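Chemist: Chains as they are written, first to last, in this note's numbering: chain A, 139 to 482; chain B, 79 to 248; chain C, 7 to 111; chain D, 252 to 446.
Hints are not guaranteed to be accurate.
What the hints assert, rightly or not - Pair ranges (Cβ atoms, derived):
1. B:Glu207 with A:Ala420: 51 to 57 Å
2. D:Glu270 with A:Ile469: 26 to 32 Å
3. A:Met475 with B:Phe228: 47 to 53 Å
4. B:Leu87 with A:Ser373: 34 to 40 Å
5. A:Lys282 with B:Pro220: 17 to 23 Å
6. D:Leu288 with A:Asn454: 47 to 53 Å
7. A:Glu361 with D:Glu400: 32 to 38 Å
8. D:Glu270 with A:His409: 56 to 62 Å
9. A:Val152 with D:Glu265: 56 to 62 Å
10. B:Gly185 with A:Ile149: 48 to 54 Å
11. D:Phe274 with A:Thr252: 35 to 41 Å
12. B:Gly185 with C:Val79: 25 to 31 Å
13. B:Leu87 with A:Leu246: 30 to 36 Å
Please keep in mind that the hints were generated in silico from the structure rather than gathered at the bench. Note that the structure is predicted; figures quoted are calculated from it, not measured. Heads up, the beta-carbon is just placed ideally off N, CA and C, and yes, glycines get one too.
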Amino acid sequence: MTDSMLIYKIILCVIVFAVSLGAAAYMTWGERKLAAWLQDRVGPNRAGPLGLLQPIADGIKMIFKEEMIPTHSNRWLFILGPSFFMLCACMTGVVIPWGAGWQSGETLYPMQVTDINIGLLYLLSVVSIGVYGVMIGGWASNNKFALLGALRASSQMISYEVAMGMALIALVMMTGTLSLKEIVAQQDAGFANVVYQPLGFIIFLICAFAETNRAPFDLPECESELVGGYHTEYSSMKLGFYLFAEYINMFISSAIMASLYFGGYNFPFQHELGLDGNVLTAVQTAVFFGKILMFIFLFMWIRWTLPRFRYDQLMNLGWKVLLPLAIANIIITGFVMLFTGKLG
Amino acid sequence: MLTEYAFWLLSFIAIFSGIATIISKNPVYSVLYLILTFFSIAGHYFLMNAQFLAAVHIIVYAGAIMVLFLYVIMMLNLNQLEIEKRSNILKMLAVASAGLLLVILSGAAHSADALTANPNKVTPAGMVEDLGIALYRHYLLPFELASILFLAAMVGAVYLSKKNLNETQA
Amino acid sequence: MEILHNIYIHHYLALSVALFGIGVFGVLFRKNAIIMFMCVELMLNAVNLALVAFSKMHGDTDGQIFVFFIMVVAAAEVAVGLAILMMLYRNLHTTDTDSLNELKG
Amino acid sequence: MQLTNRSIQVVKKELTLSERLYFPAILKGMLITLSHLFKRKATIKYPEQDRELAAVYRGQHVLKRDDAGAERCTACGLCAVACPAEAITMESAERKKGEEGLYREEKYAKIYEINMLRCIFCGLCEDACPKEAIFLTDRIVPSSFTRGEEVFGKDILVESMTERVDVSKRQTPEVLSFKNDKKHKHNQTYLDRKN
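Start from the sequences, fold in the hints, and give me the full structure.
Modeler: Okay, here's the thing in structure tokens:
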């Protein structure tokens with residue numbers, strides 16, 4: 139790895155980090171705007187034009203609010219919880235290919251921080267350790283509601299991880315690789331993977347909703363039963379971390395769904411446009427962000443449409459519906475591969 | 079050079095948090111330190127180019143097993159543990175036997191000094207394919223047996239954790 | 007990351023031995039069944055580390071396959087073991103191994 | 252025992268396959284919310300925009316002056332009697348010489364207070380007033396931080412001659428024409444009488 143490449147990677151890392159933070163900030167604005175529109179309201183419109191400065195105002199409010207740590211809580215773990223959750227949310231962005239890459243002279247600068255050949259497993263492992271942030275925070279609060287919320291959150295996340303992994307296995311069988319870059323590159327030639335894996339996509343989508351604790355799976359923080367769920371005792375920026383991390387998770391899972399199932403940065407007839415390499419990369423990145431926005435819209439649209447599940451319904455859906463469907467999907471994929479002779 | 083520093087750092091973290099695991103009063107701290115140990119072991123796997131294994135290690139150990147431990151400890155509310163009173167003789171015996179084992183094992187490890195890495199046989203990247211081939215060609219039977227073991231463990235765990243066994247029989 | 011120039015197999019073995027010793031010591035030293043259980047996990051991991059180091063040294067995948075099977079066994083063991091612990095706690099309201107001196111539950 | 256024939260037997264019927272899949276219902280719900288995305292927003296931006304009020308809207312009271320600027324109220328107390336919420340109190344005084352331009356009748360209200368926290372904006376005071384003095388207008392009562400501020404005295408209630416409050420919406424055409432008829436002594440200002 140040359141020095142220029144190293145510097146480039148560091149810059150890219152910072153950019154990915156900044157973009158996911160900025161996207162998360164503006165998703166709070168978008169969420170409020172969209173919620174308002176779906177309810178025939180206008181939404182935030184006071185801070186700046188169209189309320190565009192609202193996230194900044196929210197952030198300032200969050201930072202300057204009084205910070206409270208409950209007396210009988212476990213101080214270090216109380217701080218560790220949200221920090222860890224935030225860390226896990228930010229870690230996933232590095233394996234996502236945001237575009238094909240910049241050609242500068244001889245070297246190609248890829249639009250991906252790192253292309254590890256087990257990208258998908260990396261994603262799964264980061265997702266699976268994200269549970270700790272919630273569990274530690276909920277337990278350290280020393281509050282019944284927080285603990286119950288944390289236990290709910292963790293069991294929900296573990297349950298849906300299984301179906302999520304199973305849905306991905308069918309995809310991996312089809313593409314024959316665990317690297318996200320490879321998977322996206324393969325979709326350049328043919329159709330997007332969603333054409334071949336519609337069931338897998340739907341399972342993955344539902345699991346993504348559950349993993350990000352979004353409605354209709356926002357059981358961990360259901361106000362009617364558990365006050366604020368695992369972050370009942372949190373205030374100020376530590377609460378902000380939890381809420382923020384949820385939006386980052388949403389952004390990243392939208393990006394993952396776009397790259398795994400919807401062709402990533404590829405778009406139809408991209409090579410027929412006759413664009414220069416770097417211009418094409420810019421357009422591709424824009425297209426990728428368009429796809430991400432589409433998924434974020436879907437996330438929010440569903441949140442403001444569907445009511446919350448009951449807890450037993452949630453568990454039934456995860457274990458008795460999604461998991462068998464995912465296994466069936468694997469079997470079907472295997473048979474199709476066998477009969478079409480795509481087995482290596 | 080960088081990898082060497084990484085090795086020493088990871089080893090230090092692993093041993094430090096391993097010791098912290100067994101001396102922490104609070105079981106939740108123990109679990110968290112053990113997770114830290116597992117992370118550093120995963121880091122070692124990465125250093126040894128066993129990336130697939132590292133990821134699986136994190137998913138299985140940190141993502142599933144330790145969550146179960148944490149879950150049980152939180153559910154049983156074990157954080158106010160009664161002070162453990164183990165007699166001094168037993169403590170001495172524990173130290174002695176563990177130390178003896180340590181000496182024997184490190185002696186064995188020291189004699190392995192002659193074994194150095196064979197540079198000709200270093201496997202290239204793409205551990206996933208190699209592992210897959212090995213697992214599904216040479217080790218297919220143990221693999222299937224392992225899944226049967228899982229099934230048995232699953233049934234056993236569900237049966238054991240039923241609230242009241244008499245109720246289910248009735 | 008490919009090759010560790012000055013780190014030989016005995017470094018890894020030493021680390022593995024140290025972790026294994028800590029695990030053994032924990033099992034002997036602590037009375038809480040959950041902590042003892044965790045120490046067993048630590049010992050299994052020490053073995054895994056040694057196996058991966060051997061696999062790296064010999065340049066083949068067999069060692070890693072063994073690590074897989076150890077993981078499988080560990081996962082199954084934890085599932086059953088924790089269920090037993092839960093039952094124990096329900097009946098005796100303790101996880102102290104010294105209070106398990108009766109065969110009748 | 253059946254009291255009415257309105258009771259309905261609840262039947263929990265088996266769900267059909269499409270109902271059990273849930274997806275059609277979810278899609279239907281999502282289309283409903285999506286359609287609201289393009290509907291006209293019900294919100295108005297309040298301080299900049301005012302919501303259109305009904306013609307008979309009853310808001311903050313005004314104590315009217317006549318065309319020459321004299322207060323019409325004669326402190327008869329009928330409004331206070333009519334008020335179901337007992338929000339109105341007043342204290343009367345006798346008009347001195349030289350105050351004919353200020354007060355229309357020989358007796359006037361020295362203090363006239365309406366407690367806006369009690370007022371229910373029923374408009375009975377308006378109906379009771381024989382002197383066409385008190386009216387409810389379409390102005391919205393401003394909020395305040397203390398209770399004391401919500402007791403409106405004459406300084407707030409009496410209209411100023413520079414910004415007269417239009418209450419013609421609250422008056423029938425007959426009343427309006429009657430009020431402009433100067434033949435009746437009732438409608439004459441002191442200036443009319445002087446001339």
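Chemist: Now look at each hint and say whether the structure bears it out.
Modeler: Verification of the supplied hints:
| no. | hint | result |
| --- | --- | --- |
| 1 | B:Glu207 with A:Ala420: 51 to 57 Å | violated, 35 Å |
| 2 | D:Glu270 with A:Ile469: 26 to 32 Å | holds, 27 Å |
| 3 | A:Met475 with B:Phe228: 47 to 53 Å | violated, 25 Å |
| 4 | B:Leu87 with A:Ser373: 34 to 40 Å | holds, 35 Å |
| 5 | A:Lys282 with B:Pro220: 17 to 23 Å | violated, 46 Å |
| 6 | D:Leu288 with A:Asn454: 47 to 53 Å | violated, 32 Å |
| 7 | A:Glu361 with D:Glu400: 32 to 38 Å | holds, 36 Å |
| 8 | D:Glu270 with A:His409: 56 to 62 Å | violated, 46 Å |
| 9 | A:Val152 with D:Glu265: 56 to 62 Å | holds, 58 Å |
| 10 | B:Gly185 with A:Ile149: 48 to 54 Å | holds, 50 Å |
| 11 | D:Phe274 with A:Thr252: 35 to 41 Å | holds, 38 Å |
| 12 | B:Gly185 with C:Val79: 25 to 31 Å | holds, 28 Å |
| 13 | B:Leu87 with A:Leu246: 30 to 36 Å | holds, 32 Å |
In terms of the numbered hints stated before, the structure departs from hints 1, 3, 5, 6 and 8, listed from lowest to highest.
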